[in-house]
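In the order they appear, the protein sequences are chains A and B. Quick note on the working numbering: the first sequence kicks off at 1 and runs consecutively. Quick note on the working numbering: the second sequence kicks off at 1001 and runs consecutively.
No lab work stands behind these hints, which were simulated from the structure alone. Source: prediction; values computed, not measured. Any given hint could be a false lead.
With a Cα cut of at most 25 Å, we get these calculated PhoX-like pairs of lysine-lysine [said to hold, decoys possible]:
no., chain 1, residue 1, chain 2, residue 2
1, B, 1141, A, 314
2, B, 1144, A, 125
3, A, 125, B, 1099
4, A, 211, A, 14
5, A, 14, A, 236
6, A, 211, A, 187
7, A, 314, B, 1204
8, A, 153, A, 176
9, B, 1118, B, 1144
10, B, 1190, A, 125
11, B, 1235, B, 1221
12, A, 26, A, 182
13, B, 1164, B, 1225
14, A, 294, B, 1221
15, A, 211, A, 125
16, B, 1221, A, 236
17, A, 294, B, 1264
18, B, 1235, B, 1204
19, A, 153, A, 179
20, B, 1118, B, 1171
21, B, 1009, B, 1099
22, A, 125, B, 1171
23, B, 1003, B, 1032
24, B, 1144, B, 1204
25, A, 294, B, 1225
26, B, 1003, B, 1070
27, B, 1032, B, 1010
28, B, 1099, B, 1032
29, B, 1235, A, 314
30, A, 125, A, 236
31, A, 314, B, 1010
32, A, 314, B, 1272
33, B, 1026, B, 1144
34, A, 179, A, 349
Over 10 Å on every C-beta distance to chain A, these chain B residues come out as not near it, computed from the model [unchecked claim]:
no., residue
35, 1026
36, 1056
37, 1174
38, 1195
39, 1246
40, 1247
From the three backbone atoms N, C-alpha and C, an ideal C-beta is built for every residue, glycine too.
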Amino acid sequence: MEAEYYVGSRQSLKKILNELKSRGLKVLGPKKSSGSIVYGEISDIEEMPLGIGGLSSITHHSIKEILHPSNQRFLYTDSNYTSHIPENGTESFALFGIRPCDLSSLQITDLLLSEDPFYNNRRSKLTWVIVEECQEPGIFCFCSLIGTGPTAKADFDISYALIGRDCIVFRKGTEKGEKMLKILQLKEVDENSKEVLLYKQRAEAAAVSMKKRFREGLSGLPEALDASLGDVSFWKKISDRCIGCSNCNMVCPTCTCSEFLDEAMMDGSAERQRFWVGCLSPVYGEVAGTHFRKEQYMRYRHFVLHKFLFPFIKQVPSGCVGCGRCIAFCPMGLDLRNTLQEVLIKYAKK
Amino acid sequence: MLKSEEIKKKVVPNAAEVVEIIEETKDTKTYKIFIKGKVSDEFRPGRFLMVYLKGSGEIPISLSDLAQDKDNGVLAILTVRGVGVVSQYMLSKVREGDKIGVRGPFGNGWPIENARGKDILIAGGGIGFAPLRPILNYIRKNRKDFGKVYLVYGARSPWDMLYKYELESYKELPNSEIHFTIDRPAEGWKGEVGLVPDILGRIKLSTDAWSFICGPEIMMKIASKRLYEFGMDPKRIFVSLERRMRCGIGICGTCQFGHYYVCKDGPVFSYKDVYRYMEVEGI
Chain A
1 MEAEYYVGSR QSLKKILNEL KSRGLKVLGP KKSSGSIVYG EISDIEEMPL
51 GIGGLSSITH HSIKEILHPS NQRFLYTDSN YTSHIPENGT ESFALFGIRP
101 CDLSSLQITD LLLSEDPFYN NRRSKLTWVI VEECQEPGIF CFCSLIGTGP
151 TAKADFDISY ALIGRDCIVF RKGTEKGEKM LKILQLKEVD ENSKEVLLYK
201 QRAEAAAVSM KKRFREGLSG LPEALDASLG DVSFWKKISD RCIGCSNCNM
251 VCPTCTCSEF LDEAMMDGSA ERQRFWVGCL SPVYGEVAGT HFRKEQYMRY
301 RHFVLHKFLF PFIKQVPSGC VGCGRCIAFC PMGLDLRNTL QEVLIKYAKK
Chain B
1001 MLKSEEIKKK VVPNAAEVVE IIEETKDTKT YKIFIKGKVS DEFRPGRFLM
1051 VYLKGSGEIP ISLSDLAQDK DNGVLAILTV RGVGVVSQYM LSKVREGDKI
1101 GVRGPFGNGW PIENARGKDI LIAGGGIGFA PLRPILNYIR KNRKDFGKVY
1151 LVYGARSPWD MLYKYELESY KELPNSEIHF TIDRPAEGWK GEVGLVPDIL
1201 GRIKLSTDAW SFICGPEIMM KIASKRLYEF GMDPKRIFVS LERRMRCGIG
1251 ICGTCQFGHY YVCKDGPVFS YKDVYRYMEV EGI
């Protein structure tokens, strides 16, 4: 029988990284940089924030930065009104060391940006996904509540989890991934081996701790949100502290809304830049002559509905991956989990 | 063609030539533009073009008349009111013979084909009459395919009425009831006075008519509600919505209305599909 689990060390991880690089891939993922954690090219595993629990809560970056960058040159138009889109030929790349929450965000951005030629191009160049599974949640994490973590569910080639200082449990995600684990001669282990049992036990403990405040999970949330739609005073109260900075949108791995900025050049040509825009920002919904989302509570409500109600109506996966970034980076301390809790308390059918 | 080539085409504007400009009112003009390489079949009533003025910006503009095929291209009609940066720039700077950029047409359009054999109500307010005009002209061309036609078109004042040069000719349409109305009485005005929903309340409509409504959102909301209460099927009442819109193809996310994207799920929606959202301000 084919083994699902393998055991190795940091050295094994290094081997995987080198193997990917030797195949000509650019390897991208979270890395330590100037006292912060950003997403960029990884040249050595020493740069990686290995084994850090709740990584998503301590980096404002996510894989969105790689697949749907904050600022893109979108269009070039010459003085004669002939337009074309700029070359966007990135090389094939691997995502390495990303966490399960970010992995799940791919499924959502794939849906939201299915007609986006720039995203599609980058997405088609993504050929390998190596996921670091979390063994310990951060204080803002709630992936287990959504069902996106702390272990990786699908769409990855290899996952790994650090269970000791230099002990790593690897798991195959695809045949391609399995093949690599075999090439690198990692030790195959039984699912009842002490390493795998420890890995599972820790993941389970992490999952349980994130669910603590929601005894009944999020069941009934879409229906509760639906019932809350017209309750203006409720949404005003809940979003009271929101100042519309849209930090939450920027750090959210699944917020993909964007704006265009057109600029005329001296030679009669013009360029279009596309950059992220958040639904919490005061311009969202504004048009010449009127504003379709005049008040802050309307924009906050949209943020919540877009994550938890609209996907339910459209029968697609939840728009939130539970990474907790929106909570960690809110300057006003607004906690999405509290919002969900209050919606459930007031509107869930008992 | 590869999918990637198809989606690339949707984000790149085509150059179009402005063939003719008609001054409608002090703040509104109608542009006849020629777009090479397109066919009129795509330019169904109710769809819109993203109009790009180089370096200034891009705005969604509904087709305001039926398009014609000509010289391996299409003559399309757009009516633009100067309200924002791009539309005002267009009104003040674009001349006949100039080039502009256009993408599309996008959106679903009015389901007029499905309304064959039925009575038709067209209710437009202000610039909202522009996207409805192609329906009217479609019916004029295919008169025998439709039942009685009711038209209610309202403007703020007589001077704000669009298409003054053809309004009278609508009255020649057989089996029709045409109402022009203005918000407040004005000297020399021979039509009616009152808001569009009020006029709808005054006329005797057949309950199985199909309704097509466009105007300020509050007018669409009140008009639709009135028609629904009058006994019309909410699946047969259609409104064309406006939102902040950047891409026109469902990738920028700025035109969301509830769970809909106005650009690709709309801009035309049945009242049945949107009545709940229309009651929730800012959704």
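Check your understanding: Does residue 1246 (chain B) really sit off the interface, with its C-beta more than 10 Å from all C-beta atoms of chain A?
Key -> violated (5 Å)
Practice item. Compare the distance between the alpha carbons of residue 125 (chain A) and residue 1099 (chain B) with 25 Å, and conclude whether the hinted pair is satisfied. Key: violated (37 Å)
Review point. Residue 1056 (chain B): least C-beta distance to chain A exceeds 10 Å?
Key: At about 6 Å from chain A, residue 1056 (chain B) fails to clear the 10 Å cut-off, so the statement is violated.
Review point. Is it true that the CA of residue 1235 (chain B) sits at most 25 Å from the CA of residue 1204 (chain B)?
Key: holds (20 Å)
Review point. Would the pair residue 14 (chain A) and residue 236 (chain A) pass a check requiring their Cα atoms to be no farther apart than 25 Å?
Key: violated (51 Å)
Review point. Taking only the CA atoms, is the gap from residue 153 (chain A) to residue 179 (chain A) under or equal to 25 Å?
Key: holds (19 Å)
Check your understanding: Is residue 314 (chain A) within 25 Å of residue 1272 (chain B), Cα to Cα?
Key -> holds (17 Å)
Review point. Within 25 Å, alpha carbon to alpha carbon, are residue 1009 (chain B) and residue 1099 (chain B)?
Key: Given pair residue 1009 (chain B), residue 1099 (chain B) holds - Cα atoms ~19 Å apart, limit 25 Å.
Check your understanding: Is it true that the CA of residue 1118 (chain B) sits at most 25 Å from the CA of residue 1171 (chain B)?
Key -> Measuring from Cα to Cα gives roughly 19 Å; hence the hint holds.
Review point. Taking only the CA atoms, is the gap from residue 1235 (chain B) to residue 1221 (chain B) under or equal to 25 Å?
Key: Distance of about 15 Å is within 25 Å: holds.
**Study point:** 25 Å Cα cutoff - pair residue 26 (chain A), residue 182 (chain A)
**Key:** holds (22 Å)
Check your understanding: Is the straight-line distance between the alpha-carbon of residue 1164 (chain B) and that of residue 1225 (chain B) 25 Å or less?
Key -> violated (29 Å)
Checked against the numbered hints listed earlier, the structure breaks hints 1, 2, 3, 4, 5, 6, 7, 10, 13, 15, 22, 23, 26, 30, 33, 34, 36, 39 and 40; every other hint is satisfied.
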